[in-house]
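K.L.:
Listed below, chain by chain, are the residues.
Protein chains: 2
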Amino acid sequence: MNYPVELKRHWLAHVMAQAVQENFPEVKIATGPYTDDGFYYDFDFASEEISDKDFKKIEKSMKKIVSQNQNFVMFEVSYEEAKEILFQMWEEFKIELVERLESGEFKNKEKITGRISFYLNVWKWKSTEKNSATQAFLKEKWFFAFEDMDGDQVKNLKFIDMCTGPHVESTANLDANSFKLARIAWAYWLWNSENIQLTRIYAFAFENKEQLDKHLHMLEEAKKRDHRILGKKLKLFTTSDLVWSWLPLMQPKGMIIRKAIEDYLWDLHKNRWYDRVWTPHLAKEELYQTSWHAGKYLEDMFSVYGWTSKENFFLKPMNCPHHMQIFADNQFSYRDMPIRYFEPATVYRDEKTGQLSGLTRVRSITQDDGHLFCRVSQIQEEVGAIVEIVKEFYKTFGLLEGYWVSLSVRDPETPEKYIGWNDVWEIAEKSLEEAAKAQGLNYREMPGEAAFYGPKLDFMFQDAIGREWQLATIQCDFNQPNRFELSFKNEDNEDEQPVVIHRAISGSLERFMGIMIEHFAGTFPLWLAPEQVRLVPVAENFADYAFDVKKKLEAQWVRVTVDASTDSLNKKVRNAEQMHVNYILVVGEEEVKNSSVAVRNYKTKEQSVMKIEGFTEMLESEIIEKKL
Amino acid sequence: MNYPVELKRHWLAHVMAQAVQENFPEVKIATGPYTDDGFYYDFDFASEEISDKDFKKIEKSMKKIVSQNQNFVMFEVSYEEAKEILFQMWEEFKIELVERLESGEFKNKEKITGRISFYLNVWKWKSTEKNSATQAFLKEKWFFAFEDMDGDQVKNLKFIDMCTGPHVESTANLDANSFKLARIAWAYWLWNSENIQLTRIYAFAFENKEQLDKHLHMLEEAKKRDHRILGKKLKLFTTSDLVWSWLPLMQPKGMIIRKAIEDYLWDLHKNRWYDRVWTPHLAKEELYQTSWHAGKYLEDMFSVYGWTSKENFFLKPMNCPHHMQIFADNQFSYRDMPIRYFEPATVYRDEKTGQLSGLTRVRSITQDDGHLFCRVSQIQEEVGAIVEIVKEFYKTFGLLEGYWVSLSVRDPETPEKYIGWNDVWEIAEKSLEEAAKAQGLNYREMPGEAAFYGPKLDFMFQDAIGREWQLATIQCDFNQPNRFELSFKNEDNEDEQPVVIHRAISGSLERFMGIMIEHFAGTFPLWLAPEQVRLVPVAENFADYAFDVKKKLEAQWVRVTVDASTDSLNKKVRNAEQMHVNYILVVGEEEVKNSSVAVRNYKTKEQSVMKIEGFTEMLESEIIEKKL
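Just so you know, the protein sequences line up as chains A and B, in that order.
To get the working numbering, take the position in the first sequence, counting from 1, and add 29.
To get the working numbering, take the position in the second sequence, counting from 1, and add 29.
Chain A with its partners taken away, still in its complex shape (with noise of 0.2 Å):
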């Protein structure tokens, strides 16, 4: 039988977990659950040390595990006959879990059963002895300790783990060659800075050896591309401890990247009526009493104080209740409707994030924010307009290949937690669908991931190495408009309220620019590249030659350099692709006589001889038609 990867991945745990036990007998175990790309356990080792020198060995044991072919044999015991249990077993981590567990603390967590479920690894029992005799047999016994085991019983039991399955049936449904200890990393005990410190070992697991080493190899694909090392090496963007290194700066190079995005996404609005609006970086408290968000968010939000106004703000962790504040100073008819207001405005959020991650998870976001105001019956066109904003953008970014849309609608089993009327809701999925349909999206429908507000559209999106990011968004909102009170006049001169589009295409720029520098690895389309030109003169007579050709490139807007430095030519070329300028131009005595550049390209590595008017052609329509 073929099991679903995730659970395999969650009994190599316990394989690692009795690995680790053979090796460090002293260990304790705490938890240990499946990842997007294998697992991890933590563990309490006391007083032993481990490093990732010790992984070759506790991969070894684990190889051992899984070829004995061991058998996992479930029993369920009550609350205190586990605790027994674990106390026998000195798990005291495990022995605190099943006091939580009584207490009721898990209950939102936890399917509470009353019965605690324990999973033992056997080998070579017999397959008669996995059945409920045994499971009777081995509560039974439990209590007289070991020694009052069948010797080769009490032999064959290699490890016990309290846990809530599902289980495979045996370490045979595993692979050997699937797996591979990633790295340690330190954890608190149940995620509680008051707690003890674990010690969590990752490992990555797939189906087999093959998507491991895919897996392996896109990660070492993945280091390389590091935006965080190119930004610091093609000098994008910075970061300052005076200013705080979750709030990014842009370099001269990286801004030349961000507003040529901008700028796109703006074209793309423009094109499609959207409106330009602009709203302060904060505002009072009262604002987001009104929203809501002061109730729902203010763990995310930065409070503001005016020393000499001696009042309280938020700066705005995002820009829908300033954009209702515009859109309420107007009044409205239903002729005037739908309403499209574009901003690309920086929000800040104090979200807890895990390590610094460049441009990814930054505190400073920059949305290409959109608020739409339309009537129910809108919603299926705007959000077919926004849809080919989106498919334009994306395959711009040469991003269209196996991507995904999340239709996110509600979980028909709890109405209750969706604030709206029942048909407004079923118009609105309806025209998400409907939309989705139309524009030939590659749509899920996802029951539950509605947002409390209303439906969506998710867009996720592979790059490059095949990594999937959540990017564009389309969210369908029924609260705001209604905390804000905002109405036109229908055809009957009533006030009627208006549905909100949230949109987002890039989601960020920061986070969105952070992708698309390992996305490209460092070499951008020419439209987007910082520095599209270097002229090398292969020596200092042809430096006139070469600021010649850069005038006339910079004539037609080209950003170009001219390397006059005294290195030697192939110093000066390995400097340029070291920046990955997209076209070098070596130029000698033949292209003066010529007039005409050596043209090397750095991303095909193609090599020709041109006269300057051809490759000022050239470059004006691989930026005219951002070409990848």
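Heads up, some of the hints might be wrong.
Note that identical chains are pooled: a pair holds if it fits in a single copy or bridges any two copies.
Each computed DSS-like pair below joins lysine-lysine, with the alpha-carbon atoms no more than 30 Å apart [to be verified]:
#1 Lys420 to Lys282
#2 Lys518 to Lys579
#3 Lys420 to Lys92
#4 Lys579 to Lys420
#5 Lys57 to Lys209
#6 Lys238 to Lys93
#7 Lys655 to Lys634
#8 Lys253 to Lys243
#9 Lys313 to Lys424
#10 Lys299 to Lys656
#11 Lys209 to Lys634
#12 Lys299 to Lys261
#13 Lys325 to Lys339
#14 Lys424 to Lys459
#15 Lys518 to Lys282
#16 Lys459 to Lys243
#17 Lys264 to Lys580
#18 Lys93 to Lys424
#19 Lys420 to Lys288
#20 Lys446 to Lys313
#21 Lys424 to Lys632
#22 Lys209 to Lys253
#23 Lys325 to Lys313
The set of hints was computed from the structure by calculation and includes no laboratory data.
Predicted model only: the values in this text are computed from it and were never measured.
Starting from the known structure of chain A, fit chain B onto it as the hints suggest.
P.N.:
Below, chain B alone, put in the same frame as chain A:
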């Protein structure tokens, strides 16, 4: 003798105080300085009531006093004697001033002589009495109270005020038709809100009636152009109590103007090889401790606190410290200099300001900010390039008439007020002056007007109704590069400290836009106009043609609407005029037949019939040339 207008204003304040005391005998007088367009005096009316209905009466008394040719007589006494005199006069506010003077509180503001001067308004005294003998006589006699004085003298002693002077000789030097009471306001005694609230009477005063009338006319005109009223009527911007009245939000129409100005500014800078950068809107307190702003500007700064990160920040009150961080992340050599950063960025300042004034006094200030890092020897050339931008920019807005520039240099008497080396200051001051000369600027050297950190050029421009505004600025800074320890490698591979030049062209986009709304009285040059064209079909059956024309114009990115309402033609034209639409195109049978449009130019009131193509071409050149 003709005295400076400020002196006349000052003495008209005395005259007003005298007139008020004549009409309200119980009133106590506080202080009364001159202002930019007149003067004011603060009074304590105690139980008496005053309103602008009393202005006529007071003005009449003032005119009488002026026409009486009262002489001003000064005498000086000691602090003790002054208090005795004021005690007899029941002038408690003045007594407090003497006490504070005695305590040394005002020593930074006033020259301490140990003597207090009084001025008497006297009538019909013999001119010989206006000499030191008279003063001695008065001083001696004072203590025996008024009844000891010569009968006529007492009768003709009209008014006494403690005042530092200087003074005009007589009310004969004043013009009875040169002033006009303006309004009543309230002010705390000595600007302290814990003190008593006084009644302040403002008045206008000029050299003569003609100048006064011109000023009153200008105010009348300014009222009509008030950008707060036009901003609301033309839907350019809005404020929200939930956001904060000092943080305006841009409506789509206002944002068209703002973005056009911002894009134009970037064009001017891009042409001169500035680089765009981007920085976040807050930074850790440490940044401003290093830059010294936390010491000098603390009260004007907004504090920020992150609830999750538990970090303390300030919203940025200026961009320079951030830009220093971008510079500092590079290893520049002298070959890279100068470095030019440009960032239109919003800074936040919690400044004490008077009444709410739309866009011109806000807490969100979007500076078209830029910082140059250069060698001392490069100041002149770089300043020259900035001046070119300033001239081009203000010429485009029709503001180059009657401008002047303050060349703000050190006060040679207080060299200790300035930081940095004397020879660097000398070169910098000379460089600014040379650049001003080379650019043919109308400049005046203003000793003592330099910042503590360097000399500067401040540009004053006159708007369409003659009001002067300080707008562009170019400032050398020797302080911040030092505090942030910036350097580049010079020819000898040694660290050299750059000079920083702060420069802003429009100053602040909000304030500049407010001024431009009033300058253009809401009728903007076509390239800025939110609604450039409105099509008005004379009847319903010409609406299709109107929409055809609209499409043709939109293909050229013209901002155009169609009024397809059922209103009368007159009403539709009036509505378009209400919104200051630049071109109103009336279309009917003739126009459909001839593929033409009947064009009304809102500003010139000219009317003409044009072919669509001809009209489009006219618009295009008007926009490209940024015609006024």
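K.L.:
All the hints need checking, so say for each whether the structure fits it.
P.N.:
Now for the hints, and whether the structure bears them out:
{"no.": "1", "hint": "Lys420 to Lys282", "verdict": "both (27 Å within a copy, 29 Å between copies)"}
{"no.": "2", "hint": "Lys518 to Lys579", "verdict": "between (59 Å within a copy, 26 Å between copies)"}
{"no.": "3", "hint": "Lys420 to Lys92", "verdict": "neither (46 Å within a copy, 77 Å between copies)"}
{"no.": "4", "hint": "Lys579 to Lys420", "verdict": "between (36 Å within a copy, 28 Å between copies)"}
{"no.": "5", "hint": "Lys57 to Lys209", "verdict": "within (22 Å within a copy, 90 Å between copies)"}
{"no.": "6", "hint": "Lys238 to Lys93", "verdict": "within (16 Å within a copy, 107 Å between copies)"}
{"no.": "7", "hint": "Lys655 to Lys634", "verdict": "within (20 Å within a copy, 46 Å between copies)"}
{"no.": "8", "hint": "Lys253 to Lys243", "verdict": "within (15 Å within a copy, 72 Å between copies)"}
{"no.": "9", "hint": "Lys313 to Lys424", "verdict": "neither (40 Å within a copy, 39 Å between copies)"}
{"no.": "10", "hint": "Lys299 to Lys656", "verdict": "both (22 Å within a copy, 24 Å between copies)"}
{"no.": "11", "hint": "Lys209 to Lys634", "verdict": "neither (36 Å within a copy, 81 Å between copies)"}
{"no.": "12", "hint": "Lys299 to Lys261", "verdict": "between (34 Å within a copy, 24 Å between copies)"}
{"no.": "13", "hint": "Lys325 to Lys339", "verdict": "both (25 Å within a copy, 19 Å between copies)"}
{"no.": "14", "hint": "Lys424 to Lys459", "verdict": "within (26 Å within a copy, 56 Å between copies)"}
{"no.": "15", "hint": "Lys518 to Lys282", "verdict": "between (48 Å within a copy, 22 Å between copies)"}
{"no.": "16", "hint": "Lys459 to Lys243", "verdict": "neither (39 Å within a copy, 67 Å between copies)"}
{"no.": "17", "hint": "Lys264 to Lys580", "verdict": "within (24 Å within a copy, 45 Å between copies)"}
{"no.": "18", "hint": "Lys93 to Lys424", "verdict": "neither (48 Å within a copy, 83 Å between copies)"}
{"no.": "19", "hint": "Lys420 to Lys288", "verdict": "both (20 Å within a copy, 27 Å between copies)"}
{"no.": "20", "hint": "Lys446 to Lys313", "verdict": "within (29 Å within a copy, 39 Å between copies)"}
{"no.": "21", "hint": "Lys424 to Lys632", "verdict": "within (20 Å within a copy, 46 Å between copies)"}
{"no.": "22", "hint": "Lys209 to Lys253", "verdict": "within (20 Å within a copy, 77 Å between copies)"}
{"no.": "23", "hint": "Lys325 to Lys313", "verdict": "both (16 Å within a copy, 26 Å between copies)"}
Hints 3, 9, 11, 16 and 18 from the earlier list are contradicted by this structure; the remaining hints agree with it.
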